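There are 2 protein chains.
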Amino acid sequence: MLKNDLILRAAKGEAVERTPVWLMRQAGRILPEYRAVRSSLSGFIELVTTPHLAAEVTIQPVDLLGVDAAIIFSDILVIPEAMGLAYEMVEKKGPYFPEVVSSQADVDKIKIADAQSDLGYVLEAIKITKKELDNRVPLIGFAGCPWTIFCYMVEGSGSKTFSKARKMLFQEPAMAHQLLQKITDSTILYLKEQIKAGADMIQIFDSWAGILNPTHYQEFSMKYIKQICNAINEVPITTFAKGAYFALPSMKDLNCNTIGLDWNMDIANARSLYGDTKTLQGNLDPCALYGSYDEVKKETESMLDQFKGARHIANLGHGVYPDTDPDKVRCFIEHVKEYSAR
Amino acid sequence: MLKNDLILRAAKGEAVERTPVWLMRQAGRILPEYRAVRSSLSGFIELVTTPHLAAEVTIQPVDLLGVDAAIIFSDILVIPEAMGLAYEMVEKKGPYFPEVVSSQADVDKIKIADAQSDLGYVLEAIKITKKELDNRVPLIGFAGCPWTIFCYMVEGSGSKTFSKARKMLFQEPAMAHQLLQKITDSTILYLKEQIKAGADMIQIFDSWAGILNPTHYQEFSMKYIKQICNAINEVPITTFAKGAYFALPSMKDLNCNTIGLDWNMDIANARSLYGDTKTLQGNLDPCALYGSYDEVKKETESMLDQFKGARHIANLGHGVYPDTDPDKVRCFIEHVKEYSAR
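If you read the protein sequences in the order shown, they are chains A and B.
Just add 17 to the spot in the first sequence (first one is 1) and you have my numbering.
Just add 17 to the spot in the second sequence (first one is 1) and you have my numbering.
Mixed in with the good hints, there may be bad ones.
[Claimed, not checked] Per the computed footprint, the stretches of chain A lying under chain B, defined by three or more beta-carbons under 8 Å from a beta-carbon of chain B, are:
#1 178-188
#2 217-231
#3 272-283
#4 294-307
Keep in mind the hints are simulated off the structure, nothing from the lab.
As the structure is a computational prediction, the values presented were derived from the model and not from experiment.
Just so it is clear, CB atoms sit at the ideal spot from N, CA and C, and this is done for glycine as well.
The shape of chain A in the complex, shown without the other chains (with noise of 0.2 Å):
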């Protein structure tokens, strides 16, 4: 029985005697102890694939920021990985994809994952983390929403438009749809997998949401975020949609538990359109945390003070940014506990 489970009841509208914490991609980045291990090996990816390094950095978090639940270390591009396109992650770039999709021919060739041949590393990496936990908090697994996999697929790199991918949408929609099924049914066999691995809860990202348009956000993504939601009953589920504010309201009829809140969505607009059927994580904007210690706590009471009454589980907005203060994330973290438990 997990020890600290508020999360999981935060998630589930239950009553909570504070407010849970974690930190988007909080492993990553900011902790001294991270850079240790990911400086010994050639790469991002390496560090992804070796399930006992990967498990190491997933608890750090755990042990020293003291947040409610840890998030598997791993990355939302596995999945095409996984599908037949291997990528590559470019120091200061990000990632790369030799090959894309851009004809039938290439969706023809893209197949279904197998989560427990291609994505043992994951599984593997989720099995070692649970023991180490040793139930101490939730673990959470994760992937990317259909439509940002996509993205990465057909434009094979980031970019401030995707209109690569956006390009298919309007020209090839048929052929976008079979690609999206493919990326909807690899990933739910993929989380069904993590969660018999052990994640205690599931959370969809849909970064490159807030580039459609809404009409293409409804038939592109959120018809594949449906699919996923409905799938998976076994465990809470987050649906994270930067950007698609617009989205919102629709996403009041999904079959999660959560949704996740950037840094500039409005807490007053989010409560009066999901009221009690939905938790609501975030959304602290991460620049926040470069100022001082005061202040810090006096954003992070602002945060709450709005979540007041709410179903909440506290979070920044986006992903904390490389170079924060570690103090300043635990300044964050035992404010929220401290402030939210009075």
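With chain A held as given, fit chain B onto it using these hints.
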């Protein structure tokens, strides 16, 4: 007198025979005639600073695409340049400032731009353009909004998060306000000179509006946009705050005629917010121009139908993408004219 003043009338909420149409970034990128001028030069900045060539590419889309307004070919970063921070335009990477503002001493060194001496080349380009346009269509002048200019002056280049610029808001808010005020003062003087030189209308672009949290947006961006809108009364003014959906309700109180909408903004929502108090500009998804001619027409009709009965200036919801077929752009423009006149 202007032979075609549709866009000015639409901006003021007066009756129009059909919906006026133009494109953001219309001059650049897509026209072979533009590329011919551009490739004869050392770089983008040479084109911006050579008045007769800037005028030539400003007029090209009027002749070649049939838009209802020209927009002076220039760059929002001429303002920091005129304030003492020179920049380079790095091919395929974007703007780069060798020196940035990071201390009080840096802020103190920054001067208020003297538009006549420091930005005379833009004013000259406006005068030449006005003469050569011969009153066929109005000429739009423009500037970046102070927050967006601040982003570049502090960060030194483009960025996904502009976390250095946003860090200053949390760490040195008073210093940030000093810099923002200097940018605002420079911008107002500059826009007034643009109008004296012949600009018939002004648009201000807040390209990085969407990365601020709602409280910061009011404090560090809207405050200065308000100053600009209150200072410019000679001609209609348009505010385009990209991604700042959260600011749409408060923009109702701005002393401006037109609000630009991103392609991912919900038209019905914007109409219900603004009613007849503002003209709305936008917002076809630029990727819609990748579709077939029939689909370009269908998407254009759908957009126009959603704006039907509202004060409207048709445009894309973002700059036209560089690999867009000019014939598809013409199809969009012609179809706006034809369909909205029915």
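Hint-by-hint comparison with the structure:
1. Residue count for the region 178-188 of chain A with a Cβ under 8 Å from a Cβ of chain B: 7. That meets the three needed, and the coverage hint holds.
2. For a cut-off of 8 Å, the count of residues in the region 217-231 of chain A with a CB near a CB of chain B stands at 5, and the three-residue condition holds.
3. Figure legend: the region 272-283 of chain A, annotated as covered by chain B; annotation consistent (4 residues with Cβ-Cβ distances under 8 Å, at least 3 required).
4. Under the rule that three or more residues need a Cβ within less than 8 Å of chain B, the assignment of the region 294-307 of chain A holds, with 5 such residues.
Checked against the numbered hints above, the structure violates none of them.
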